[in-house]
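Number of protein chains: 2
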Amino acid sequence: MKRRDFLASGALLAGASTVPFSASAKEKKSRSKYADYSGVDAARAKPVLKREFFPDPVIIESVELLRKENNFICRVRSKDGAEGISIGHPFISKQGYPMFKFAIQRWFVGKDARDLDQILYHAAEQNEKKQGVPMNVQLATLEFAVLDMLGNIADKPLGALIGDICNPNIAIYLGTLYRQLRDLEPEVSLEMMAKQVEETHAKAVKLRCGSANNLGDDKDNAPGRTEKLIRMGREKFGDEMVLMMDANWSYSPKEAIRIGRLLEEYNYYFYEEPLPWNWYEEQKIVCDALDINMAGGEVEANMHQMRWLIANDVWDIIQPDIFYFGGMIRSMQVANMAAAKGKIVLPHMSSGGLGYLYMLQFVSACKNAGPFHEFKLFATKDANGTLIPIESKDDPIKSTDGVVNVPTGSGIGVHIDPGYISTHEMIYS
Amino acid sequence: MKRRDFLASGALLAGASTVPFSASAKEKKSRSKYADYSGVDAARAKPVLKREFFPDPVIIESVELLRKENNFICRVRSKDGAEGISIGHPFISKQGYPMFKFAIQRWFVGKDARDLDQILYHAAEQNEKKQGVPMNVQLATLEFAVLDMLGNIADKPLGALIGDICNPNIAIYLGTLYRQLRDLEPEVSLEMMAKQVEETHAKAVKLRCGSANNLGDDKDNAPGRTEKLIRMGREKFGDEMVLMMDANWSYSPKEAIRIGRLLEEYNYYFYEEPLPWNWYEEQKIVCDALDINMAGGEVEANMHQMRWLIANDVWDIIQPDIFYFGGMIRSMQVANMAAAKGKIVLPHMSSGGLGYLYMLQFVSACKNAGPFHEFKLFATKDANGTLIPIESKDDPIKSTDGVVNVPTGSGIGVHIDPGYISTHEMIYS
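Chains as they are written, first to last, in our numbering: chain Y, 2 to 430; chain B, 2 to 430.
None of these hints come from the bench; they were simulated from the model.
One or more hints might be untrue.
Same chains, same names: a pair is fine if it fits in one copy or spans any two.
Claimed, not checked - Taking lysine to any residue pairs in the SDA-like style, the calculated list, with each CA pair at most 25 Å apart, reads:
{"no.": "1", "residue 1": "LYS102", "residue 2": "ASN71"}
{"no.": "2", "residue 1": "LYS80", "residue 2": "PHE103"}
{"no.": "3", "residue 1": "LYS382", "residue 2": "GLU129"}
{"no.": "4", "residue 1": "LYS220", "residue 2": "ARG45"}
{"no.": "5", "residue 1": "LYS220", "residue 2": "GLU126"}
Could you put together the complete structure from these sequences and hints?
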């Protein structure tokens, strides 16, 4: 039985996400020279923001970027006095924040927030010389604040504004938090991971192979360790555990295929980004050669490239980063394109800031979200290492038997202490 | 006779650039599913910086970013007291300058400037989440200053550090300076252009069609005007004038092909960027369908994509922007890849700052530079609108009978008034 059928059987889903991996997802071999884009284009064009909740215009009167040292906060206010807040990305915001002031905010000020789909389209596509992750992070920061404001107006959580809530609880997998495990001996890193599994009852674990730097040759840059880790991972966690492997751009196409075949042998669920992010054509070669599900797309910033990657079946599982791709609405357009091709979405999110909350809100409304999502620290520090003080009307956000509850308050779903926001100062240029 | 053969005959070259457009350049129809990359990869790997001029290490002791309002200056100093200066990009530097401090400069400080090829490789490829034009502009700014310092040490102009001086004089074409001409009636804009031709004796003119925004349909977004401009341009300037057309991303593939056929009918030399910059596959479809030379690449920031565009014959004429692509050495690597496929290079450069000098230095050493290059204002203002005070040991830089002399002083070739630099203050974060 193929891994995707195993998952589709529901044995591992633990009642969390509702749409398992579709059996039709893997149409790997392209039949003509150019893909048929009609399905993904129609999916991309579907409206995302639910205008029906807002009978009257919501004019964005002010957009502010606040800063304290390395940390950034966005505050938006409507003409009628509604307010929305977002916390910037923990380590990219600082790199390109002038783009917020000089490239992004002018697309929002004075506009009707109900036109957010179109505002984002223009801000992303007509800033053509600034496209990339640093600009998208600014775009996402502003979008999160606008959505928070709209959620406050409609008294709905953010997820409900961009889709129907289909995943009120979200199953987690363990993984990227332990980046350093990549450099340890397999025995040591697997033992540490096993302790976390015991604590969280996670039903899925992502390991890391290679040493992250493609050397431009056909060698493994962590020779010996990779084979051992793949085999020992399966032995350690047993046949019931869903195992995944992140290769962090370590390989050439030839070596990527060799490692992929090993992963197939040990029944790993997916194989993430063996090549550098923009090796589009080479990744297609790898995907065509392998049967294991290929996962990727976290550093992709660009709608037209994402469209190509999806329509050409370069990935089986799409992993847009909600910050890096420029916000929830653009990421939902990616999810809709993926759905048109029977693919699932496992959004990527860096740890730090309130990223885990943005991800939970997104996944709660994403009908083709994968069966489990990356676990990050819940009590999260901002870019200065300060704990962000939040309150939730729900139970504390935590993992119970490997499943996390999405907060149900309005907007982002939690309340951020105004005293914390007031420690930040407005940026004028 | 095809346009490229006409040019290859030398009739229009006026003794300027030495390598006309190669007759072997246009192998448009791809024969296998994937291109052969061996030639371009070998070309990309060739060393660019001429280490032989520097017997001893040149340790970069300090890197400073200076600012006055919107204008940025980079100053580098070696351990032995040599100094280099560059002027930032006139309108992109401000958008992403924190990347200079937090992503770029650490790759340079303390390093031997003779390893500049490798330093640039790591700074560009290992900042994978920041890739794009805004980061590359910072990278280029720092590289220009290091090259200026190296030129001062070796007492050679910058071009001589990155190649052999093959184009001491550079023929110009008229064009992008008059962006607003796009919106005028063809009669009016052609009359204005004719006056400039009279003044400069330029032998080549670039016109603009469409209205720059792709509408996502198969219509011309400047209906009627385009056909008229194409025909009247040829009538106005006669058969001897080299005419080019920039379509500024106005079209769908279908409409791009229709306009391209009109341009072929009126014997235009090249057809620039009819589609948005990142419509790679679609641009290949357009190029395959047409016989006219396709020109593009000015907003491309990424080496791996540029490699694909060149190896897959998506463009016949490559137009890297020396700022947007991250400096002279990376742009020369593009030129070397282009040469491996028999293609020519016409670098793009925004007007403002000292961009025209960086472009002249680059073209002076580029063996497959095209027969004429875009003319920009010589007396150039910085990002604050202040004239940058420079002195040259050569005659004033000017166009004589459509040909410009490249300054021959050390480094950038001219001396920037220290009083001007001192009006700028150091940026710490």
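Do the hints match the structure? See the list:
1. LYS102 <-> ASN71: both (16 Å within a copy, 13 Å between copies)
2. LYS80 <-> PHE103: within (22 Å within a copy, 37 Å between copies)
3. LYS382 <-> GLU129: between (33 Å within a copy, 24 Å between copies)
4. LYS220 <-> ARG45: Classified as between: cross-chain Cα gap 21 Å, same-chain 39 Å, threshold 25 Å.
5. LYS220 <-> GLU126: Answer is between: at 19 Å across copies they meet the 25 Å cutoff, but 39 Å inside does not.
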